[in-house]
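Student: Can you make the complete structure from the sequences, with help from the hints?
The residues making up each chain are set out below.
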Amino acid sequence: MPREPLPISTRLETLSVLTADGQLDRALEPAVPHADLRRLYKTMLAARRLDERCLMLQRQGRMGTYGPSKGQEAASLGVAYALERDDWFVPTFRELAGLLWRGWPMHTWMLYWGGHEAGNAVPPGLNDLPICVPIASQCQYGMGIAWGCKLRGGGRVCVAFCGDGGTSEGDFHEALNFAGVYNLPLVMVVQNNHWAISIPRSCQTRAATIAQKAVAYGIDGLQVDGNDLLAVIAATREAVDKARTGGGPTLIEAVTYRLSMHTTADDPKKYRTDAEVREWEPRDPLPRFRAYLQKKKLLDAKIEQVIEEEITAELEAAVRQYEQQTVDATEFLRHVFAEPTPELRAQLAELEAHLAARRPARPPAPVS
Amino acid sequence: MPREPLPISTRLETLSVLTADGQLDRALEPAVPHADLRRLYKTMLAARRLDERCLMLQRQGRMGTYGPSKGQEAASLGVAYALERDDWFVPTFRELAGLLWRGWPMHTWMLYWGGHEAGNAVPPGLNDLPICVPIASQCQYGMGIAWGCKLRGGGRVCVAFCGDGGTSEGDFHEALNFAGVYNLPLVMVVQNNHWAISIPRSCQTRAATIAQKAVAYGIDGLQVDGNDLLAVIAATREAVDKARTGGGPTLIEAVTYRLSMHTTADDPKKYRTDAEVREWEPRDPLPRFRAYLQKKKLLDAKIEQVIEEEITAELEAAVRQYEQQTVDATEFLRHVFAEPTPELRAQLAELEAHLAARRPARPPAPVS
Amino acid sequence: MALLTMVKALNLALAEAMRADPNVLVLGQDVGQDEGVFRVTEGLLQEFGPNRCIDTPLAEAAILGAGIGLGFTGFRPVCELQFDGFSFQAFHQTENHVRRFRSRTRGRYTCPLVIRMPYGGGIRAIEHHSEAPEATYAHLAGLKVVIPSGPRNARALLRAAIYDPDPVIFFEPKAVYRSFREEVPDEPETLPIGKGVVARPGRDVTLITYGAMLRVTLEAAEELKDGHGIDAEVLDLLSVAPLDGELINASVRRTGRAVVVHEAPRHCGVGAEIVARIVEDSLVYLEAPVKRVTGYDAIIPYFQNELTYLPDPARVVRATLETVRF
Amino acid sequence: MALLTMVKALNLALAEAMRADPNVLVLGQDVGQDEGVFRVTEGLLQEFGPNRCIDTPLAEAAILGAGIGLGFTGFRPVCELQFDGFSFQAFHQTENHVRRFRSRTRGRYTCPLVIRMPYGGGIRAIEHHSEAPEATYAHLAGLKVVIPSGPRNARALLRAAIYDPDPVIFFEPKAVYRSFREEVPDEPETLPIGKGVVARPGRDVTLITYGAMLRVTLEAAEELKDGHGIDAEVLDLLSVAPLDGELINASVRRTGRAVVVHEAPRHCGVGAEIVARIVEDSLVYLEAPVKRVTGYDAIIPYFQNELTYLPDPARVVRATLETVRF
Ligand SMILES: Cc1ncc(C[n+]2csc(CCOP(=O)(O)OP(=O)(O)O)c2C)c(N)n1
Ligand SMILES: Cc1ncc(C[n+]2csc(CCOP(=O)(O)OP(=O)(O)O)c2C)c(N)n1
Ligand SMILES: [Mg+2]
Ligand SMILES: [Mg+2]
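Protein chains in written order, with the working numbering: chain H, 2 to 369; chain S, 2 to 369; chain R, 309 to 634; chain U, 309 to 634.
Since the hints were made in silico from the structure, they are not lab data.
Mixed in with the good hints there might be a few duds.
[As the list claims (entries may be wrong)] Among the chain R residues that face chain U by a calculated CB cut under 7 Å, a handful are:
id: 1; residue: Leu-320
id: 2; residue: Phe-399
id: 3; residue: Glu-403
id: 4; residue: Gly-415
id: 5; residue: Pro-573
id: 6; residue: Ala-580
id: 7; residue: Ala-606
id: 8; residue: Asn-613
[Claimed, not checked] If you want the footprint, here are the derived chain U segments under chain R, 3+ residues with CB under 8 Å:
id: 9; region: 404-416
id: 10; region: 567-581
id: 11; region: 593-604
Heads up, the beta-carbon is just placed ideally off N, CA and C, and yes, glycines get one too.
Tutor: So, in structure tokens, the structure goes:
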């Protein structure tokens, strides 16, 4: 048999549970308690509202450049829901809904985009990493964490996120390759939102799907409708269970769409059509999930109003807390090492003298 | 259809023409003129002899650390044979046979391993790159060259080499991804010699084959018996033709074996069994190709003797030339930039003064 | 003459070079349709098409690797890295290959690349968008490292960089991109790489700087003059590799005193090299220690506190006063 | 007491730390079965098994990335990069994360990694096996950069590095790996990171160096004494970040003269920082310019000509004589 096709031994599948027009596949519908369904909806809506508020704060000059998550809430929320609290959660920067579910306070998110290191304050008790900016670099430490989970025993898993654009980086490749070699409990979730700033998915790789990249690492690949919260939960549960029980890594491609701009510094009109956005709007995860809950009679106007009011209250409190954040001007010099070096002590003294000499004192940080 | 397998649209095949025990698949046998077959044999043998001689020179302290190509001759030779002279050839460091076919003088190879930059002297008229040491880094400029070929038009292609170990590096991934996106005339040949120093192929990636990594880039993958010169020629011709006519990149996995040590600084007894090596010896490309030529009556004792004598003569001349190489002690300061900077001129003067002050003059370079 | 921001001046230099030489290519993330995240490549895709203004996937090392290979095939690639903070993803290609090919092959293969990137702090950006890694590149033999300080010299230096037969790291101070406009002549203009200029003549002390810190230092010089009667000479180095030692030493020999200002961290920064050059050539002229006003040896704070980190005129004034009063 | 090469001394330090703390892991290419290409990890796989002495695929950035993640889960990873010349493949992980996590999270996550790598030239190796990139790392705030000079301090410093709560780049001079043996005490020994030592006391001039250049400099000091009656003090810095400015300045204040010796290129090298520190603190004591005897600002030649590039005692003697006779 001197010329024959090469067989591929890993699983490569695509999965959806609830279609955009509300058709539910009952066989695949994940078991989620009703109370959780409501909480999930509330979290998704809270993420949307927080996102909108951040955009507004940015426009008012009360926040820095902001990167919205609009339209991608289901992908990170479904993943977060499928995890245990002490599993590891390694975000990039579009996992707002997932972070809220994990327990991150709204104002911490604001602080991050408002230019405060306090925005990286991982809530106590959570095994979460802060936002990661260098694209795909987080795949590597996500892989390392998964490795630590495996070596420690105890069945913890690590979920790491990446964007479709990030799959072009060497870090993505190296991390998944290691995860395969050591059979690590890593679930790598690629939020394929179809754009890396102005570069469409089709120009980032010639592969027809991101999921098929799993073949390169001999691991399973699962493409899932990332705007279908139920499908994301189902897919993640499957991958997490497998990872927890020694079955190794999975690459999940969550197909979603960036309904907003890349960041507030970006003008998507330069590179994509309104038509494309309009095409995706019906697949927005929020109304889809809402309709599902309505069908299940878990939402009515009354409940929705309560939810909205609760979110508004939380949001107002968060904005207040955010805007009250003070800046400790010398703190950055005290966290370079566990023990400051003599040189850093000297530089701290230099800075303190400089700050003291400045009259009138520098006004408080211009958050507002 | 909410859960279904993902189809893969690229071709993934495995190919051999002449089995280890001499069975020939006539349908796949590439057309190679008899004169070329003899020249190919002579080149393969010359590579083997040069390799042996370098090992000996190293043991005698007349050369630096040496990285042998023994057992891998067919993989680079077959590739080189399938190219046009003005195609681009981007080696790593186990492509000795291919470089000899391309026209690199034996003594240049020796100079490289003997610690002379003259070992990088690409023969005039060839579009070849010198040896590349940082593993997989050459994939990137190979990709860039292929891109240049495409932009220039004229049907030139670029062949770049990499080891199985090199496929773990981010550079490999990024380069192939770009090649796919821009549909570049790049033939990426991975010499899978089953080891990256002491790390066996199975520990470098969980993928069952290297060829299947092509799926990640949406390009064709071809696994070929790399110790079967005919199969390598056939596979490369196919990939090169495709590249030349706008069909884009191909990943070729040439399955071969490193019959010798990683380099002379390495002791393979520490990590692999003799049994494994003995298992591969019958698949040594040299006797296999010799037997093929004998069957074809293209070799007999007489011809072989002539060939051996010619090679010996060339080799002796090359060793002489190598050992006569002088060292220009200040040359390295004259090739930093096209025009030396003032600082470099000052440093050159400093060095010249230093060399002049040294009495007695430094003895000629200790090659022997 | 046109009154241009640095962004527009750089855009002009690119367009001019691309018009003059069909081998000049621009490649990088979002440089095409999006015209660059800072719009430096505005109009290039439209004028020169997708084979000369090339949008790439997100992989910095591949952008440089492609640039190297394109260079071998006769092109003159201008590679854009989106931010200096992400240039490290490609650092191995720079160190292993870009800077070495000429030496490795004794001129047979060269890397006439320009590697452009937005540089430095001061634009209230998120982490990794405010670094100043010029020393990291300046230390690598085989690279030229250029940092313009205003629209006019940016345009002239980018032109020089594109025509330079060797690789040039071209740092574009983000804080200067749109902060002011300058008259830029209609005719193409070139400045020699490796030569600094006297940005403000003076007699009492030499303030040595480059990039966005030039404006800070000039402001300090005004304050020194007005507030303290000190007449500071300000040097704008424009390039940190090669470094214009002649200019520096000539000035310091006149003034006897020097202060170096840069936004990068102090330890092993370019400031140290400047001090070493002064000591080597002009020690006997020195009447006071050379002070370094620099970023601190810490991670640059997130933007709420970024201005504490970056040298400001007050710090320069303080240091200069100490130097003059030594 | 045992008479050990540096390779054996480093091996001892690793084994001791792994015995004492089950969280200490070693990972890298060929560190297991092969025991490291220089055999520094000899016996570790056998004693500690494949979960603590881990052979990895060929991907430097992943080795560091794994180290970061393992650190978050409570391990103390000692990452080996096979040669300093290939550390740049992982440079973005070092710059973006290893050095930043403590600052980024205000101590919530830290990177107590040791990143070991063979360092420097002098072993007749092929390209990329002879670099000296200490300045590149020393400039990155958040990293400690240690360079031992002999078996005994190598063992004591590696121990210190492993127990250090912050990331340490640990450069092992290849030329010293097996070039001599030293008595190394049986009991674990620690040296503080950031402190240099007086390797040879003297009165006339201060020679400042580290790593493999210590032996070269000591040889020069002997020659200066015997041939010229000059009594040179030799400082062995042991760490270039932090830099022991106190030690340097104390010595220079006594001798009034200094020469810096390192094998890395001169431009923006650690030598410049040393000069700057001397000028800042001790200018008035200086009786001559501080000379730098360093590698040239070129790609280090292939090994036939490598010794021309590396500082040798003759160059140190020449520079010192010029300094003393200034
Ligand atoms: C290494 C690196 N290069 C460039 C950037 C600049 N950048 C920020 S986001 C982005 C696009 C990311 O695309 P993708 O991974 O698809 O994530 P998305 O923004 O779509 O969520 C780029 C290029 C970066 N942050 N890091
Ligand atoms: C980036 C990089 N890391 C490490 C090394 C050291 N090294 C030289 S060869 C080698 C193994 C290469 O394995 P493979 O790619 O399979 O090629 P082979 O040696 O088997 O031909 C290693 C790790 C290197 N040269 N470059
Ligand atoms: Mg995206
Ligand atoms: Mg191999």
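Student: Out of the numbered hints, which ones does the structure contradict?
Tutor: 1, 4, 8
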